[in-house]
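For the protein sequence lines, the chains are A and B, in the order given.
Here the numbering used here is used: the first residue of the first sequence is 1, the next is one more, and so on.
Here the numbering used here is used: the first residue of the second sequence is 1, the next is one more, and so on.
Certain hints may be false.
[Stated by the list, open to error] Okay, the calculated beta carbon distance ranges per label pair: (1) 483(A) / 219(B): 46 to 54 Å; (2) 13(B) / 392(A): 20 to 28 Å; (3) 215(B) / 455(A): 37 to 45 Å; (4) 13(A) / 35(B): 23 to 31 Å; (5) 430(A) / 134(B): 23 to 31 Å; (6) 219(B) / 454(A): 38 to 46 Å.
[Unchecked claim] Some chain A residues close to chain B (C-beta under 8 Å, calculated; not the full set): (7) 42; (8) 462; (9) 480.
To be clear, the hints were calculated from the coordinates, so they are not data collected in a lab.
Note that the structure is predicted; figures quoted are calculated from it, not measured.
Where is the CB? At the ideal position from N, CA and C, for every residue including glycine.
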Amino acid sequence: MSLTKKNITQATIFTGLVWFIVVFLIAPNITTVTDVFWQDGEFTMRAIERMRNAPRAMQALRNSFIIAPVLSVTVGFVGVTLVLITDYFKVFGAKILRLGYMTTLLYSGIVLVSGYVFLYGNNGFVTNILVQIFPNLEQDWFSGFWAVLFVMTFAATGNHMIFIRNALRSVDYQTIEVARNLGASSFTILWRVVLPVLLPSLTAVTVFTFLGGLSAIAAPLLVGGPDFRAITPLILQLSRLQGSRDIAALLALILGVSSILLIAVFSLLEKRGHYLSVSKVKTDLVKQKIRNPVVNVFVHIYAYVLFLIYISPVVMIVLFSFTDSRTIARREFNFSALTLDNYIAALTQNFSPFMTSAIYSFLAATGVAVLMLLVCRIITKHKGKASTAIEYAFMIPWLLPTVLIAWGLVATFNRPQWFMFNQPLANTTTIMVLGYLIICIPFTLRMTRASFFSIDDTLEDAAKNLGAKPMYAFLRIIIPVILPSVLAIFALNFNRLLAEFDMSVFMYNPLSVPLGVEIENLTMAGDSGGDSAELVFVYTVIIMAISALVLYLVYGRNSKIGID
Amino acid sequence: MIDLSDISVDFGNFSALTGINIEVREGEFFTLLGPSGCGKTTLLRTITGFIAPTSGTVSVSGKDITRLDVEKRNIGMVFQNYALFPSMSVYENIAFGLRVKKIPKGDIRKKIEEIAHRVELDETQMTRKVNQLSGGQQQRVAIARALVTSPSIICLDEPLSNLDAKLRIQLRNELKDLQRKFGITTIYVTHDQEEALTLSDRIAVLNKGKIEQLGKPNEIYNHSETEFVCNFIGDINRLTPEFLKKTDLPMDKTTYIRLEQLYANAPKQNHIIWGEAKVTSSEYYGLYIKYTIDAQGTTLKIVEKNSGVAMYKIGENVNLSFDPSSLLQYERGDQS
């Protein structure tokens with residue numbers, strides 16, 4: 001009797017998961033492919049032809065495929081030097097510098113770009129200073145390829161501050177000492193002993209920088225100007241034009257295929273192996289003194305210039321968030337203009353985008369946590385071909401850029417589908433939450449799976465041996481053990497989604513605009529002389545405060561996730 | 001009490017256990033002994049219900065429990081790493097099984113106080129998290145947790161294997177005392193032959209999923225039925241054909257003798273006097289000294305009780321003798 005009940009429950013869960021995979025992870029991609037290659041009931045290459053004849057599309061493709069590799073180099077250089085400054089060389093004030101360099105972990109995406117616009121954009125704080133020095137400088141000088149490259153370079157070094165820093169910490173100091181003992185110079189030690197240890201992490205981070213550059217949307221939209229079109233903003237634009245949707249779908253598909261190819265290459269590189277310390281007793285890294293005085297001065301100047309670049313948008317945003325709209329419009333800070341009015345207004349009259357995003361994020365972060373608990377339970381408990389297939393299927397979103405996922409969902413569910421019980425989802429809260437949930441699946445799956453694998457199997461056996469039924473043992477023994485990790489993953493997902501832009505801009509309902517889209521709207525309006533900047537600043541400060549709290553709780557003391 | 005009848009367990013094409021027949025008596029301390037991978041833990045998990053046998057039956061007091069769910073068997077288990085619930089205090093760990101059985105709160109408290117007293121856990125220790133306890137205390141919590149629900153049998157899966165040598169001996173003695181105190185039927189799994197010999201009423205020696213020998217510790221040690229058991233239990237000398245040539249003993253069998261059965265300069269009436277052999281090295285163990293002897297090309301070992309002075313010098317010749325009835329002989333090719 002109980003065996004039958006158990007089988008029915010298992011079959012129901014399995015069917016539910018397969019339905020989710022087919023409907024939300026596979027069907028949208030099939031829709032995208034058919035949108036491109038299947039028109040008027042027959043196979044066609046018309047979309048490719050149309051794209052080749054569309055100068056804007058070809059220019060966007062060219063631009064994106066140029067900025068991605070260039071960005072990989074600039075981010076790699078800046079990112080590695082940041083880590084060396086804070087953790088390898090003896091640099092005065094390294095702890096303060098590190099805090100400055102890590103600000104991109106507190107705010108990113110559209111929020112960060114809007115901060116740079118405030119400084120360097122039309123009528124920006126730095127622009128106004130530069131115009132006074134160079135009267136011939138145009139107000140909108142910060143626009144186009146170089147502006148996008150500048151913003152994205154400093155926006156994308158957050159991963160270096162986590163992963164490359166961790167890799168650097170894994171360097172065994174004895175290997176440096178032995179190299180010195182064998183007569184190696186400081187440069188040789190850095191180049192031949194230290195950097196090879198960082199290489200696997202650097203490769204991984206560079207691949208994701210490349211993918212980020214390829215599918216960038218916030219920076220090209222806000223600082224790209226009329227001359228710099230990139231793929232994703234163009235997809236967004238074309239998706240709103242009835243006659244150009246096939247080109248938009250094709251561009252999304254090109255992004256997707258490029259991502260898959262790049263990740264495949266990365267996987268091959270990863271299989272070549274890591275450099276693991278073979279020391280019996282590993283010793284911690286000791287910071288290296290820069291012996292050459294000229295190089296030492298140069299490194300210090302470089303470190304503090306970077307610090308200024310990183311910290312100034314944050315400082316300006318925090319300071320100006322407490323001033324009135326006139327002061328913000330003039331970009332002239334004045335202590336007498338300090339006020340809490342912006343915060344009061346944002347938290348009373350303009351709280352709707354924040355609430356919308358908070359609700360979407362909460363629902364998606366909760367949903368993905370519960371779903372991945374179920375999936376990971378199946379993966380770890382029932383090892384076999386079916387569970388492996390489920391695991392791989394849930395990793396599909398990892399391979400695809402957000403724009404392709406968004407496009408697929410919109411294209412699939414803007415009309416009733418039998419597999420969705422003929423319920424149209426376009427412009428509903430459900431599709432927004434689903435979109436958010438899907439982009440959180442790969443990270444949540446990997447982290448939850450790791451938590452499950454760290455649990456000793458005998459705990460559950462012991463509970464059963466003491467008379468507990470499987471579900472009781474799971475709820476009473478397993479859940480309390482993994483709960484801290486699940487909550488940490490939930491907090492990180494919530495934090496990531498709060499100002500999400502890439503997915504939101506494709507799927508939001510105009511009646512309930514999420515925070516990321518609202519910030520973009522306000523930044524665009526502010527750039528053309530409106531008085532909406534104070535709202536952006538208040539939202540940014542609140543987001544930074546929430547991010548700081550989440551990061552402290554997750555990565556701070558008693559860290560439950562082993563990233564830092 | 002426990003009757004294992006013709007138990008076989010297959011994992012795909014691999015046979016983990018084949019034709020196991022064991023009857024464990026009530027109140028007995030029964031040990032499953034064997035090297036890694038011999039199937040002892042698989043057999044224990046079959047008894048507790050974590051593994052369903054491919055064929056055969058498991059009965060307790062005449063009742064067939066082969067297909068009964070783990071949680072309904074009422075067989076306590078102490079795991080190799082104790083499997084204490086890290087999110088709970090010592091008290092909550094011990095109370096877990098009673099709460100599952102929906103015992104009234106007052107009774108739970110009473111039962112826990114009683115068991116805590118018997119395993120010598122004090123009140124302060126009861127409020128601690130399990131990771132704040134020493135290895136020995138953790139073992140007592142695991143035993144208390146297994147015993148508090150009054151199981152009919154307790155199974156222990158190498159509970160001493162993670163401990164250092166001194167603590168292992170101390171806890172081994174405590175374990176035996178507790179078993180005597182509770183009088184509970186105990187099935188113990190270990191790969192440590194010394195542990196098995198000192199603790200057990202009876203031992204089943206397993207090898208490659210089959211029982212090699214089942215008997216009392218002295219039977220297993222002194223009358224090893226197979227060459228595998230003779231080699232697995234204790235130190236032993238293999239007597240070469242060259243060594244046997246000087247005796248009237250048959251040479252068509254593989255012959256062994258325990259170290260303590262081989263005498264130097266101490267012939268007795270019923271002994272075969274083998275002759276002179278040279279001492280080549282010695283190992284000092286404190287309680288005794290182990291000497292390596294070269295018997296005209298055959299290397300042998302003997303042990304002598306430590307009397308405070310070295311009995312033999314390196315290079316010294318000693319007169320070897322032994323009782324022929326102490327020899328262990330097996331047909332050639334018997335080694336499993």
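Quick rundown of the hints versus the structure:
A hinted range of 46 to 54 Å for the beta carbons of residue 483(A) and residue 219(B) is consistent with their spacing of about 52 Å. Between residue 13(B) and residue 392(A) the beta carbon distance is about 27 Å. The supplied range of 20 to 28 Å therefore holds. At about 40 Å, the beta-carbon gap between residue 215(B) and residue 455(A) stays in the expected band of 37 to 45 Å. Checked against the hint of 23 to 31 Å, the C-beta distance between residue 13(A) and residue 35(B) comes to roughly 41 Å, which is inconsistent with it.
The beta-carbon spacing between residue 430(A) and residue 134(B), approximately 54 Å, falls outside the hinted interval of 23 to 31 Å. Checking the proposed 38 to 46 Å range against residue 219(B) and residue 454(A) shows it holds: the Cβ atoms sit about 45 Å from each other. A hinted interface residue such as residue 42(A) counts as satisfied when its beta carbon comes closer than 8 Å to some beta carbon of chain B; here the least separation is about 50 Å, so the hint is violated. The criterion of a C-beta within 8 Å of any C-beta in chain B is met by residue 462(A), whose closest approach is roughly 4 Å, and the hint holds.
Interface restraint check for residue 480(A): the shortest CB-CB distance to chain B comes to about 4 Å, inside 8 Å, so the restraint holds.
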